[in-house]
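S.K.: Those sequence lines, one after another, are chains A and B.
All the letters of the first sequence, read from the start, carry residue numbers 2 to 299 under this note's numbering.
All the letters of the second sequence, read from the start, carry residue numbers 2 to 299 under this note's numbering.
Mixed in with the good hints, there may be bad ones.
Pairs count within a copy or across copies, as identical chains cannot be separated in the list.
Stated by the list, open to error - Okay, derived cross-link-like pairs now, PhoX-like style, lysine-lysine, Cα gap no bigger than 25 Å in a straight line: (1) Lys242 x Lys196; (2) Lys196 x Lys105; (3) Lys105 x Lys24; (4) Lys38 x Lys228; (5) Lys153 x Lys133; (6) Lys196 x Lys238; (7) Lys223 x Lys196.
No wet-lab data here; the hints were simulated from the structure.
Because the structure is a prediction, the values reported are computed rather than measured.
2 protein chains.
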Amino acid sequence: MSETIGFIGLGNMGQAMASSLLKAGYSLVVYNRTRSKAEALAAKGAQVANQPGEAAQPGGIVVSMVADDQALEAIVMSPGFLERLRPNGIHLSMSTVSPITSRKLAELHAKHGSIYLAAPAFGRPDAAAAAKLWICLAGAQAAKERVQPVLKALGQGIFDFGDDPGAANIVKLCGNFLIASAMEAMAEALSLAEKNGLDRSAVTGMLTQTLFSTPIYQNYGKMIAEKRHTPAGFQQKLGFKDVHLVIETAEQVTMPMPLASLLHDRLLAGIAKGRGEMDWSALSLDVLENAGLELPRS
Amino acid sequence: MSETIGFIGLGNMGQAMASSLLKAGYSLVVYNRTRSKAEALAAKGAQVANQPGEAAQPGGIVVSMVADDQALEAIVMSPGFLERLRPNGIHLSMSTVSPITSRKLAELHAKHGSIYLAAPAFGRPDAAAAAKLWICLAGAQAAKERVQPVLKALGQGIFDFGDDPGAANIVKLCGNFLIASAMEAMAEALSLAEKNGLDRSAVTGMLTQTLFSTPIYQNYGKMIAEKRHTPAGFQQKLGFKDVHLVIETAEQVTMPMPLASLLHDRLLAGIAKGRGEMDWSALSLDVLENAGLELPRS
C-alpha cells in the first residue's frame with residue numbers, strides 16, 4: 002500500500018494510531034496544533050502539514066482524532082479543509098464527540114461534495130499501537146466500504162451501526178458510560194469493604210477472577226483497590242466530557258439517566274478538587290473522602 | 002463418603018445444592034418450611050426432617066440456604082437447633098444475609114458450643130447443580146478446614162476472607178451490588194440507544210463481545226435488550242433485599258453509597274409497580290417507562 006492519507010490530531014491516541022497506519026504501509030500527511038508532536042512521526046516517514054487543510058487530499062481519506070467537539074469543528078471549518086476533500090473525499094472522524102456534532106458535520110460535508118464517517122474507537126494508546134482497537138462505524142455505505150483497509154490497520158473489530166453517523170457516537174458514549182458506571186460501583190463497593198476491615202485488593206481479586214473477569218474490571222479494579230490514579234491512561238476531565246455528552250444526548254431525546262447524572266457530579270467534584278488530569282478512575286478518591294477514609298499520599 | 006449432613010432451605014438454590022451434595026456421596030437430612038419441596042429430595046435418598054433442629058447432628062455439619070435474615074434467625078432459634086449441634090457442630094450458613102446478622106449468630110453459636118461459618122455463594126441454580134458456585138468463606142479457621150470437602154462438592158472456587166464471618170457476607174453483597182449496577186448502566190444505555198433509533202440488541206452485542214465479554218453482561222444484557230424478564234432467575238424483590246442490606250451495612254459504618262441508593266429506589270419502584278416476582282433485570286422496565294418508551298406486552 003502506498004496510498005497517501007491525512008491524519009489530524011496527534012495526542013496519545015493519535016500518535017499510536019498514526020504509527021499503526023505507517024506500519025501498515027500508508028503514506029501519511031499529519032497535522033497537529035502543537036507542531037512538535039508531529040516531529041516524532043516525521044522521523045518515521047510522515048509528511049508534516051502546516052494547516053489541517055493540507056492533510057486533506059482531493060478525493061482522499063483524512064482521519065481525525067481530537068479531544069472534543071470544538072477541536073473537531075475547528076478542523077472542519079479551517080481554511081481549505083472541506084474544499085480540498087472534494088470530490089468524494091472521506092473524513093473518517095474517530096474522536097469521541099456528540100452524535101449531534103456528527104450529524105451536523107455529515108450534512109456540511111455532503112453540501113461540499115465530501116463524506117463524513119463516524120468511527121469512534123474503544124481502546125487505549127497501547128491497543129491503538131497494536132492495531133487492537135474496537136471500532137464503531139456509521140455513515141454512507143460506499144464510503145464505509147472504502148475505509149475498511151484503513152480501519153483494519155487500526156482495529157481488531159469493526160462494528161457497523163448503519164447510515165446515521167450519530168449512531169456510532171452513541172454506541173461509543175454508551176460504552177464509556179458503562180465503564181464509568183463500573184468504576185463508580187467498584188469505588189463504592191471497595192470503600193464499603195475497607196470500612197468493614199476487609200482488604201480492598203482481596204475483594205477485587207475475588208470479584209474480577211470470577212463474575213467480572215474482564216480487563217475493564219481487572220485493570221480499573223486494581224487502580225481503585227490500590228488508590229493509584231497516576232499516570233492517567235484517560236484523564237478525569239476527558240471522562241467528564243464524555244459523561245457530559247451522554248447527558249446532553251439524553252436531554253435531546255428527553256430521557257432521564259440518573260446514573261449518568263450521578264457520574265457527572267462525581268467527576269465534576271474530582272475536577273473541582275484539582276484531579277482533572279489524574280486517571281478517571283480517580284473518581285474513587287471522592288468516594289473515599291465522602292466515606293471519611295484515608296486518601297493516598299500524593 | 003457417607004457422612005451425614007443437614008441441609009435446611011430447599012428453594013431453587015437449596016434444591017440444586019442439596020442435589021449436588023447427594024451426588025457427591027453425602028447422606029442428607031433435609032428440612033424445608035414447605036414440606037412438599039423436601040419430597041423431591043427424599044426420592045433421591047434424602048431423609049426428611051420435621052423441624053430444623055432434626056437436621057442438626059451432634060458435632061455435625063448443617064448447611065442452610067434461606068431467603069433472608071429473618072428466615073435464618075428463625076432456624077437458629079428453633080427448638081433444639083443450637084442444642085443438637087453441640088459439641089463443635091458447624092452451621093455452614095450460605096444465605097445472602099447481613100454481616101451484622103452473621104456476626105450476631107456467630108456469637109450465639111459460640112455461646113452454645115458450636116461454630117457458625119458464613120459461606121455465601123455466587124451463581125444461579127444451574128451453577129449450583131453443576132457444582133460451579135463461587136463461594137466466599139469466613140469464620141473460625143479449624144471449622145473452615147473441616148467444611149472444605151462439602152464446599153468443594155458445591156463450588157468451583159472457595160475464597161477465604163478471614164475470621165470475621167461478616168466479611169464473607171460483605172463480599173457477597175459487594176458482588177450483588179456490582180451486578181445490579183451493571184444492569185442499571187445497561188438499562189440506561191440501551192434506552193438512550195433506542196431513543197436514538199439504534200437497535201438495542203446490536204448495541205448489546207457489540208459491547209458484550211468486546212469490553213464487557215463476561216456472562217453477567219452477556220446474559221443480563223440480552224434480557225435487558227429484549228425486554229424479557231420472566232421467568233425470574235433471581236426475583237426483583239430479592240434483589241431489593243440485597244441492595245437494602247448493602248445500604249444498611251453502609252449506614253452502620255457511616256458511608257454514603259449514592260449508586261446503591263439509586264438502585265434501592267429503582268428496585269423499590271419496580272416492586273411498587275407489581276414486578277417484584279419478575280427477574281431483577283426488570284429494573285430496566287422502570288428506565289423504559291421514565292424515558293417514555295414502549296413496555297413489552299406481558
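S.K.: At most 25 Å between C-alpha atoms: does lysine 196 with lysine 105 qualify within a copy, between copies, both, or neither?
M.R.: between (49 Å within a copy, 18 Å between copies)
S.K.: Taking 25 Å as the upper bound on the Cα-Cα distance, should lysine 105 and lysine 24 be classified as within, between, both, or neither?
M.R.: neither (33 Å within a copy, 64 Å between copies)
S.K.: My question is about lysine 242 and lysine 196: at a cut-off of 25 Å on alpha-carbon distance, are they close within one copy, between copies, both, or neither?
M.R.: Between. Shortest inter-copy distance 21 Å satisfies the 25 Å Cα cut-off; intra-copy 31 Å does not.
S.K.: Please sort lysine 153 with lysine 133 into within, between, both or neither, judging by C-alpha distance up to 25 Å.
M.R.: For lysine 153 and lysine 133, only the intra-copy Cα distance (9 Å) is at most 25 Å; the inter-copy one is 39 Å.
S.K.: If the cutoff is 25 Å on CA atoms, where do lysine 223 and lysine 196 land: within, between, both or neither? Let me know, please.
M.R.: within (18 Å within a copy, 35 Å between copies)
S.K.: At most 25 Å between C-alpha atoms: does lysine 38 with lysine 228 qualify within a copy, between copies, both, or neither?
M.R.: Neither. Shortest intra-copy (31 Å) and inter-copy (48 Å) distances fail the 25 Å Cα cut-off.
S.K.: First find the shortest C-alpha distance between lysine 196 and lysine 238 inside one copy, then the shortest across copies, and answer within, between, both or neither for a cut-off of 25 Å.
M.R.: For lysine 196 and lysine 238, the Cα distance exceeds 25 Å both inside one copy (28 Å) and across copies (27 Å).
Hint compliance for this structure: hints 3, 4 and 6 are not met, and every other hint is.
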